[in-house]
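Colleague: The lines below spell out each chain.
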Amino acid sequence: MNESKPLKVVISGPVGAGKTTFVQSLSEIPVVNTDETASEDIGKATTTVALDFGMLTLDGIPIHLFGTPGQDRFDFMWEILCEGALGLMLLVAGDRPQDFPHARRILEFITSRIAVPFLLGVTRQDLPRVWEPEDVAEYFDLAPEQVIGINATSSTSSLLATVRLLELVEAYDPFYAENLQGHYDFGGTVIKSVKKT
Amino acid sequence: MAVFGNLTEFPLVEVIGMLERRCGILRFSNLGSYRSLEFHMNNAQLQGLLVNGNVIRDGMQAKNLLLELANIRDGQFEFQRAPVNALINDLAIGMTQTLLQRATLDDEWHNFRESLPDPETRFTLATQELVWLDDDLQSFWFQAEPLLEYGINCNDLAQRLQLEPRMVLVSLYKLRAAGIIRPVRRMQEVSNPRLDIAAKPAIVQPVPTQHKPTLVSRLLGALRLIGKTS
Ligand SMILES: Nc1nc2c(ncn2[C@@H]2O[C@H](COP(=O)(O)OP(=O)(O)OP(=O)(O)O)[C@@H](O)[C@H]2O)c(=O)[nH]1
Ligand SMILES: [Mg+2]
Chain A
1264 MNESKPLKVV
1274 ISGPVGAGKT
1284 TFVQSLSEIP
1294 VVNTDETASE
1304 DIGKATTTVA
1314 LDFGMLTLDG
1324 IPIHLFGTPG
1334 QDRFDFMWEI
1344 LCEGALGLML
1354 LVAGDRPQDF
1364 PHARRILEFI
1374 TSRIAVPFLL
1384 GVTRQDLPRV
1394 WEPEDVAEYF
1404 DLAPEQVIGI
1414 NATSSTSSLL
1424 ATVRLLELVE
1434 AYDPFYAENL
1444 QGHYDFGGTV
1454 IKSVKKT
Chain B
358 MAVFGNLTEF
368 PLVEVIGMLE
378 RRCGILRFSN
388 LGSYRSLEFH
398 MNNAQLQGLL
408 VNGNVIRDGM
418 QAKNLLLELA
428 NIRDGQFEFQ
438 RAPVNALIND
448 LAIGMTQTLL
458 QRATLDDEWH
468 NFRESLPDPE
478 TRFTLATQEL
488 VWLDDDLQSF
498 WFQAEPLLEY
508 GINCNDLAQR
518 LQLEPRMVLV
528 SLYKLRAAGI
538 IRPVRRMQEV
548 SNPRLDIAAK
558 PAIVQPVPTQ
568 HKPTLVSRLL
578 GALRLIGKTS
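Same order as they appear, the protein sequences are chains A and B.
For the first sequence, position 157 (counting from the first letter as 1) is numbered 1420 according to the working numbering, and the numbering increases by one without interruption.
For the second sequence, position 201 (counting from the first letter as 1) is numbered 558 according to the working numbering, and the numbering increases by one without interruption.
For the record, the hints were derived by calculation from the structure and aren't laboratory data.
One or more of the hints may lead you astray.
Unchecked claim - Stretches of chain B that chain A covers, calculated by requiring three or more beta carbons in the stretch to come under 8 Å of a beta carbon on chain A:
| id | segment |
| --- | --- |
| 1 | 472–479 |
| 2 | 517–527 |
| 3 | 536–542 |
The beta-carbon is built from N, C-alpha and C at its ideal position, and this holds for glycine as well.
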């Protein structure tokens, strides 16, 4: 039964990047959402305060989708979550360039220390005044293939981005997921502990 | 669609850096005492400059203006691509080099502070080509290069070289802006050396070593199927 062990994908990025929306667009279960009324002025009414949790089952393999909270004070959660992850999807809103520097700083901090395949998604591509993915790639010093434009409100667009992320994983190492399977046991641990009681 | 933003978030040297391979016009409105500014640029070279609608043809004047702007951290900018024949072509000034010219450490710290990398982020060499470096940056580079080759962060570098961490962080920032170093991607260090991700990040065919499909290829197959039916 080793094969149906869950894998996880982490969705990170600044406030309002579209993380919750993206997880909702992909998840086949109702997303466990921890949005609360924002206690500070962050430019939107509600914000994720713990995690978004969604799930996607692919060929019998559960993929856990973890959306991190966007506020800076939760940055530490990225690193913890990225350990053992199949991939990191970093989202930035294409109409909020003011958020790029912080996103780049933390992406570089994480990826220079943890070996995690990642894709940068530039959301809000359906809006008229946004940065194009290739321009964002220049700012982040990434190859164009590592950056994709997304409309996070669309399931199709979110699925396409996930395909791209997995293609990158496959390019890094075709057996990447096999090697990970021992490292991430969130579902297993929960289920086992539930069964015990 | 345009590249736009504010200098409060992006120091000018980074704006220029990200437009390095572009050809077009970078416009500022209400920057310092200037009502409007237009930089006509191609390959990070300043070819033409308009200040409040007047063309500046004197290279020295243009350089001084760039240096003045390097310290202004508030002003909206917008870049529009344009064909090279639509640009003014009076000047030939390397913008990155001019903007990275040495200032005092306190000024640089103040100017770049919000943009500096995390002191734990590891950097490594990005290019063999050394662009112009000022004396201070160059002497830092000569000391740091052997350590950077294997990837090192600011804190460790400062300790190894017995240098002030602030100075090391600013120097790393400048070397990065000049394209000489880049952040390490741990993934590349540990992954299959046959796949050079930096040069070729995208779609490589999986190695057909066994008949059983890999997990990732199964995930991809299932995803593509959903994509088709949704
Ligand atoms: N048009 C459009 N709207 C989007 C897109 N992505 C997100 N949004 C909207 O942007 C707003 C913020 O999205 P969220 O998903 O809450 O952002 P978040 O990243 O979870 O934000 P935090 O939890 O506060 O960090 C919502 O109103 C979304 O509907 C997009 O690609 N296009
Ligand atoms: Mg959220």
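Colleague: Evaluate each hint against the coordinates.
Modeller: Right, here's what the structure says about each hint:
Note: the segment 472–479 of chain B has 6 residues with beta-carbon separation from chain A under 8 Å; the three-residue rule is met and the coverage holds. A stretch counts as covered by a chain when three or more of its residues have a beta carbon under 8 Å from one of that chain; for the segment 517–527 of chain B and chain A the count is 0, and the coverage is violated. Against chain A, the segment 536–542 of chain B contributes 4 residues with a C-beta closer than 8 Å to a partner C-beta. That satisfies the three-residue criterion, and the hint holds.
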